[in-house]
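Using the hints, position chains B and C against chain A.
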Amino acid sequence: MPQLGADMAAATLTEWLRKPGDAVKHGDIVAVVETEKGAIEIEIFEDGVIDKLLVDPGTKVPVGTVLATIDGDHTEAAGVSTAPPPTTPTEAAPKPAPRPAEAPEKPPRPEARPRSPADRIKISPAAARLAAEHNIDIRALAGTGPDGAIGLTDIENAIQGTASAGGPEDKSTDTPGAAMRRAIAAAMSRSKREIPHYYLSTPIDMTRAMDWLEEANRNRPVTDRLIYSVLLIKAVARALEEFPELNGFWNEDEFRPARDIHIGWAISLRGGGLVSPALHNANRMEPDPLMAALRDLVKRARAFRLRGSELSDPTITVTNLGDQGVETVFGVIYPPQVALVGFGRIVERPWVVDGAVQPCRIIQTSLAADHRVSDGHRGGLFLSKIDRLLQEPETL
Amino acid sequence: MNDETLKSSLIDAILEIAPEADFDILDADDDLRAQLDLDSMDFLNVMIALHEKLGIDIPEADYPKLFTLNDAIGYLREKTTPAADA
Amino acid sequence: MTGTTATSAQTTYREAIRESIRDAMIRDERVFLMGEDVGHYGGCFAVSMGLLDEFGPERIRDTPLSESGFVGAGIGAAMGGMRPIVEIMTVNFSLLALDQIVNNAATLRHMSGGQFGVPIVIRMATGGGKQVAAQHSHSLEGWYAHIPGIKVLAPATLEDARGMLWTALEDPDPVLIFEHVLLYNMQGDLSPDAGPVDISRAAIRRPGKDISLITYGGMLAKTLAAADDLSAQGIDAEVIDLRSLRPLDMPTILDSVTRTRRAVIVDEGWRSGSLSAEISARIMEAAFYELDAPVSRVCSAEVPLPYPAHLEKAALPQTADIVEAARALFGENV
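Protein chains in written order, with my numbering: chain A, 1 to 396; chain B, 1 to 86; chain C, 1 to 334.
For the record, the hints were derived by calculation from the structure and aren't laboratory data. Note that this is a predicted model, so its numbers are computed, not measured. Backbone N, C-alpha and C fix where the C-beta goes; we use that ideal spot for every residue, glycine too. The reader is advised that the hints may include incorrect statements.
Claimed, not checked - Which chain B residues face chain A? A few, computed with CB under 8 angstroms, are given here: (1) 5; (2) 20; (3) 44; (4) 47; (5) 48; (6) 51.
Stated by the list, open to error - Only part of the chain A face toward chain C is listed, based on derived beta-carbon distances under 7 angstroms: (7) 125; (8) 126; (9) 144; (10) 146; (11) 151.
So that you can see chain A by itself, here it is in the shape it has in the complex (with noise of 0.2 angstroms):
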């Protein structure tokens, strides 16, 4: 059972979607789990044959809990350390919450192929150790240590969630949006509780970026049309390469600076509730493949089809509150992250160019930010760099 948001300790697993016998390969979605955020599809990060499954439906398991197992029959797989394996012997289906470096990097491997001591899991002693006193199955994780083993941290990923919850009551009679609404509670409770917040806000002249918007999209079909959302999503993506501070987590006492950026895009649901899932890599996509990926991110979202990666993975979130009116946001940053940035409607307003004053369409845009990770200084640089990103949007 993965760890799909800070503050989750337990789900309800509600559907197998493969069974035992059927192959599977790393990206296939191969359960469907229940939570506060409604109904989250689960993948699998390897390649084999399922074995068994070990969870029935209509199930609610703490994360971490094995699900299911894969290629039944080695036990190599138990890991280098000798402490002693936390579960059963083999491979588990879903992965307790990677940090967002993950399985896409591990070399890919033939399905159904019996493991050999190649594929070992590398682990340090410490980790091992931790993971041992902690239950945590190991063969589901992904390493970031050096040569790709697990180290402490990547524990300490796995088990944060399990002890930072705060077990609520039995609420197995609720409606979905009650859940949910109990979860936005306690994670932006502790937002507020924990994150010492500053705040920054500029106006930025979109008329740039809207002109250009507006031709691209003359060019194209509807079908291959473009919102603004996505040349402020690559902006702000593009604009923290070079302020890590702003791109990661905050854990314990320190801030780990995430190593790929995954904006996490404020998408409200119709009826009530909020979430922010994933757009992997926002940086390095161009715009076309963005807005396709952008789309197909909102109708899961709103169809309660979300994947566990999008949830577990955004290094930053942020928010467009425009098309509801708000010329600016003032945001709750979401833990464990360290920042959140908002976007206001674009308002036409007079504004001074060269010397003249002409209409020109300004969004208010913010920054909410953790100050024990950064400063206002660096947190204004941030916004300029966006601004300017934005001046020329032919680059985004």
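Showing chains B and C alone in chain A's frame:
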């Protein structure tokens, strides 16, 4: 294509994006997007759904012409009369 | 160079050693210095400059160019009740006295059943970096640290240069002190009251929490520079100066590694069968379950040390090598 067909296609397109929309209480002469809480992504998706149903491509510049439900029906009527077909 | 006030005075590593010799000679009349060119020439590295004038030829003794001979004589003098400081010009020449050191000095207490010991102090310059090529650039203190019966020290700071000698002279058994050739000119402040220091404990020169960088002698400066570079990259390194190579202060090392969970050992010797290999093995033996990454080593390239400057530089461990080795232990988390 008559107005009723256009209207039902439009409503179907909107329901795909906003399934909870209640057209009984909707004011057909007031801001459609505000009443239905359609953001720019939602609106684009409605445009795409209309394209699929009616085969018409509504340029971005024309979006303001679909301000109210009735405006939208009127616009679609114009776009689907024979003289406007490509 | 006289400290006229109670505050620190600017001095050099060379001067600190000279002062330690003077101090020892003044404290104890049994102490004398012997070695090639220590008297009239003032010492190959100018350490004993002026001492012949101050103490006379009986106590500052120029020896023939025969390491085996004069080290043996020193051993005999120590056995006979004196407290000789034998200066071997460099560790490279000590190879000619290896038999004396390893088979006599190190073993006589044991072989005599405790009837006599060899309270000798042997000082040697060590290390490379002055383009004196393969036969004159060795760092063999790690070899000596292999031998039971002797102590091996490596002062890397002014305090240690000033303070280790007397404590070594008080030791009833042989003590070898290795002075890195590039340290003699090192300048700094030293209190005029600076006196004897202990010779068995390692020192944490820079506390840190992310990784332990373990080193000694001539490599300390580069390791501290690496720690600064790492700090700018978000890695807080702890730097340990071993000070004593035999015995090793394992409690300090193990406490550090248990806290930081990562270790890089920086040793100017070659890695094969080196002191760094020994430390790595001991860390693995005693703290295996504390480690979050393999123990890593930065050593000289496995070649006879080259003469041309650019090749010598490439062969010796540099600050960038230490930084790279440290970063590698964090995988993707850096």
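Results of checking the hints against the structure:
For residue 5 (chain B), the interface hint is violated, the least distance from its beta-carbon to any beta-carbon of chain A being 20 angstroms, above 8 angstroms. Hint on residue 20 (chain B) holds. Least Cβ distance to chain A is approximately 6 angstroms, under the 8 angstroms limit. Because the closest C-beta pair between residue 44 (chain B) and chain A is about 6 angstroms apart, less than 8 angstroms, the hint holds. With a least beta-carbon distance of about 5 angstroms to chain A, the hint placing residue 47 (chain B) at the interface is held under the 8 angstroms criterion.
Interface hint status for residue 48 (chain B): upheld, as the beta-carbon distance to the closest one in chain A is roughly 5 angstroms, under 8 angstroms. Interface restraint check: residue 51 (chain B) against chain A, minimum CB-CB distance 5 angstroms, threshold 8 angstroms, status holds. The closest approach between the C-beta of residue 125 (chain A) and any C-beta of chain C is roughly 5 angstroms, which is under the 7 angstroms cut-off, so the hint is satisfied. Evaluation of the residue 126 (chain A) hint against chain C yields a held restraint, the C-beta minimum of about 5 angstroms falling below 7 angstroms.
Because the smallest distance between the Cβ of residue 144 (chain A) and any Cβ of chain C comes to about 4 angstroms, under 7 angstroms, the interface hint for this residue holds. Hint status for residue 146 (chain A) relative to chain C: holds, with the closest Cβ pair at about 4 angstroms, below 7 angstroms. Hint status for residue 151 (chain A): holds, given a least beta-carbon distance of 5 angstroms to chain C, under 7 angstroms.
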